[in-house]
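K.L.:
Residue numbers (this note's numbering), protein chains in the order written: chain A, 204 to 623; chain B, 204 to 623.
Everything labelled a hint here was simulated from the structure, so no lab data went into it.
Hints are not guaranteed to be accurate.
A pair counts as met if it fits within one copy or between any two copies, since identical chains are not told apart.
[Claimed, not checked] In silico BS3-like pairs for lysine-lysine, Cα to Cα no more than 30 Å straight-line: (1) K508 <-> K242; (2) K508 <-> K263; (3) K254 <-> K508; (4) K453 <-> K508; (5) K254 <-> K458; (6) K254 <-> K295; (7) K548 <-> K263; (8) K548 <-> K242; (9) K225 <-> K458.
Please read all numbers here as calculations on a predicted model, not as lab measurements.
2 protein chains.
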Amino acid sequence: MRALSASEAAAAIEAGTLTSEKLVQACLDRIAERDGTVKAWVHLDPALALKQARAADAAKGGVLRGIPVGVKDIIDTYDMPTGHNSPIFEGKVPFGDAACVALCRTANAVILGKTVTTEFANRHPGPTTNPHDPAHTPGGSSSGSAAAVADGHVPLAFGTQTGGSVIRPAAYCGVIGYKPTFGDFSRVGIKMQCHSVDTLGLMARTLDDIALFRGAVLALPPVPVARDVAAPRIGFLRTPIWDEAEDDTKALLEKTAAQLSAAGATVLDMAFGRAFNDILDDHGAITGWESRRNYADERLRNPDKVSAELMAILTRSESISLERYVAAQRKAVAFREHVDSLFDKVDVLLCPSAPGEAPKGQEFTGDPRFNSIWTLAGTPCVTLPAGTGDMGLPLGIQLVGLRHEDDRLLGTAAWVAARL
Amino acid sequence: MRALSASEAAAAIEAGTLTSEKLVQACLDRIAERDGTVKAWVHLDPALALKQARAADAAKGGVLRGIPVGVKDIIDTYDMPTGHNSPIFEGKVPFGDAACVALCRTANAVILGKTVTTEFANRHPGPTTNPHDPAHTPGGSSSGSAAAVADGHVPLAFGTQTGGSVIRPAAYCGVIGYKPTFGDFSRVGIKMQCHSVDTLGLMARTLDDIALFRGAVLALPPVPVARDVAAPRIGFLRTPIWDEAEDDTKALLEKTAAQLSAAGATVLDMAFGRAFNDILDDHGAITGWESRRNYADERLRNPDKVSAELMAILTRSESISLERYVAAQRKAVAFREHVDSLFDKVDVLLCPSAPGEAPKGQEFTGDPRFNSIWTLAGTPCVTLPAGTGDMGLPLGIQLVGLRHEDDRLLGTAAWVAARL
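Please work from the sequences and hints to get the whole structure.
P.N.:
In structure tokens:
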């Protein structure tokens with residue numbers, strides 16, 4: 204039953220054929236069986252989870268009635284520590300819940316536990332392994348959330364994305380990752396890295412679950428994923444870093460484009476205007492400038508507890524001038540308009556979710572650049588599992604929608620997923 | 204010596220004619236004398252302040268060498284409680300400093316204490332009185348910061364603005380308030396109300412102090428306020444709510460425009476395009492939609508500890524649909540471009556800082572709408588003291604600059620201030 208989707212489980216709980224307590228126990232059993240290898244969870248309190256489940260069963264109702272949710276460990280929880288994978292915060296319990304957690308509780312969810320993050324959702328990795336092969340990274344920074352959802356520990360989990368921290372690990376682990384339009388989801392109680400791009404995202408195993416979860420986080424009735432959309436117009440946008448994708452990923456994308464075209468979609472080759480070929484440099488200038496200042500407290504009071512990787516990034520960022528930052532912000536505004544304009548011709552953009560399969564080892568969580576472009580663009584994005592690569596690990600395809608048209612993106616993604 | 208500006212005091216400390224310890228003691232003495240009436244401070248620990256001052260004297264150097272800074276009580280401090288003027292947070296000490304506080308400490312400042320805020324920087328007032336007449340409000344939400352700077356308790360203080368929470372109280376108290384371009388200042392560790400508009404701002408008694416303080420918060424060498432700017436082109440923009448300003452304020456603005464024109468400025472009457480006459484409704488839709496979700500934890504776990512005013516606002520906001528929110532976000536993007544375009548013709552915009560003098564009583568902190576317009580626009584703004592109104596209380600004029608041209612705005616403001 205831990206293999207049920209959230210939507211299926213919520214329906215069964217509503218129908219009285221399942222209880223939250225049974226579902227949560229099944230998830231805890233799966234975690235007990237597997238987490239010695241996967242290491243997706245940094246904090247788990249089975250008694251607390253079951254207590255919440257019984258309360259959810261008693262309360263009835265709610266968009267996420269009795270459904271367990273995994274919470275990335277840079278997101279505050281009042282009843283569990285929020286450690287940020289940093290010795291500075293280890294064991295510290297925040298005063299309150301992040302808004303997204305409180306909205307889940309309001310929707311009658313069970314907050315199952317905290318999932319492993321890289322240090323402050325930056326690069327320094329945690330211990331999580333890829334559930335498809337423990338010798339490989341699950342990706343990051345939302346490492347534990349992606350692995351937990353993929354491995355059947357929990358149907359829903361929160362991630363956050365500043366570069367590629369939701370879409371990439373979801374693709375590496377073979378689940379669905381979703382980053383909403385910038386601004387839609389509250390970031391209250393989420394450790395801020397770069398305010399101009401940090402985005403709360405969702406992971407699940409089905410698109411219906413993404414829609415359900417999105418409804419809960421928006422505090423709105425979920426909008427069911429449309430199943431009756433017409434064959435979409437798809438812009439195949441290889442991005443300026445296409446050549447850095449691995450051969451299996453390039454082949455997958457080309458094959459997918461052909462397949463969708465054969466299924467009735469109109470597929471157009473598209474590219475950014477030349478002015479935006481170096482847009483990743485602007486993402487780098489913005490995130491570098493902001494993160495250097497946003498970590499001022501850690502740098503001042505606890506420099507010895509910040510990882511060497513993060514310190515090196517923050518030190519390098521010292522060279523980014525205010526003028527460079529401002530230029531990048533202006534470029535980003537123009538880029539968002541440019542990306543919006545691409546949707547005059549298409550319903551969705553298609554591009555890689557990552558350069559390839561999950562890299563070997565736990566040290567490097569992979570290259571986020573195929574995602575950073577869209578984090579800066581503020582567009583909604585979804586990654587769909589789409590087979591495996593040369594090493595037998597999952598590959599994903601990334602679909603990008605027009606800003607503020609998230610429901611439409613999910614409908615188009617369903618059309619695509621049904622034809623993969 | 205507590206009447207010294209921060210720039211003067213820093214120079215004296217650097218020259219060895221003053222110590223931080225003496226300056227801080229003078230500020231503490233002034234507070235002891237006056238705060239029974241003004242009630243600007245919610246947390247003050249004289250021993251801790253003096254300890255910091257001695258450390259600053261010993262450390263030497265730093266942009267804010269030994270200068271005391273007041274911190275609005277929605278901004279985290281690791282060594283003092285951060286109460287948000289809410290029983291939910293009363294007495295709670297955060298794990299770390301907000302980035303802006305850490306950046307001040309990095310610049311060798313003394314964090315003097317926490318200043319009174321309205322509840323969560325929203326409407327429910329604190330006890331602070333206007334130092335010019337305790338029967339009147341100091342404005343809000345940055346009530347204590349404005350009053351403390353005005354009354355000589357501290358030369359510098361942090362405020363935050365979601366509607367009019369920096370510029371308005373600064374104007375009511377007769378000090379300089381400054382809101383930077385949206386995005387420039389880190390918001391890490393500041394209680395978030397509405398992520399699309401919340402902006403950290405500064406209060407001081409001189410423009411030079413604003414420039415100094417801005418340098419510290421940007422972690423950059425301060426850019427001295429230019430004193431050699433040519434007579435500026437000024438757009439007199441009465442805003443769509445001009446008719447709601449009081450007569451003394453209207454007269455002040457008209458007189459100022461004439462005075463600056465006589466002094467050599469080119470003054471043009473300007474107005475928003477008609478599409479933006481109701482832009483305040485869009486500010487309301489964005490802040491209402493976001494705050495309702497951002498306070499999800501307080502609403503769920505502590506509804507009885509949230510003020511009736513805030514609960515009423517959050518309840519009213521339930522009627523704002525996602526579609527309305529998105530429309531407002533799109534309008535805001537267009538509005539920012541429109542406002543930017545106004546600067547093709549002028550260097551600065553001139554408008555009221557508030558509808559009039561500080562209202563009588565402590566219950567209503569005043570109307571923020573002359574500020575909310577610019578908070579949504581993301582423009583840098585400064586309010587300059589400009590005489591008194593019919594009741595003998597301070598009035599301000601608001602100068603608005605082009606986004607990302609904050610240094611230029613401060614130079615133009617200096618030109619204007621020299622001619623008031």
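K.L.:
Does each hint fit the structure? Answer for all of them.
P.N.:
Hints versus structure:
In this assembly of identical chains, K508 and K242 lie within 30 Å of each other by CA distance solely inside one copy; the values are 22 Å within and 39 Å between copies. For the homomeric pair K508 and K263, the shortest alpha-carbon distance between copies (26 Å) is at most 30 Å, but the shortest distance inside one copy (44 Å) is not. In this assembly of identical chains, the alpha carbons of K254 and K508 lie at most 30 Å apart only when taken from different copies (25 Å versus 35 Å within one copy). When the C-alpha separation of K453 and K508 is checked against a cutoff of 30 Å, the pair qualifies neither within a copy, at 40 Å, nor between copies, at 56 Å.
Taking the shortest Cα distances, K254 and K458 never come within 30 Å of each other, neither inside one copy (48 Å) nor across copies (68 Å). Within a single copy, K254 and K295 get their C-alpha atoms as close as 22 Å, and across copies as close as 27 Å, so both meet the 30 Å cut-off. For a Cα distance limit of 30 Å, the shortest separation of K548 from K263 qualifies neither inside one copy, at 45 Å, nor across copies, at 61 Å. In this homomeric assembly, K548 and K242 never come within 30 Å of each other (Cα to Cα): the closest approach is 44 Å inside a single copy and 60 Å across copies.
Proximity of K225 and K458 under a CA criterion of 30 Å is satisfied in neither setting, with 42 Å inside one chain copy and 74 Å between copies.
Checked against the numbered hints given earlier, this structure breaks hints 4, 5, 7, 8 and 9; the rest are met.
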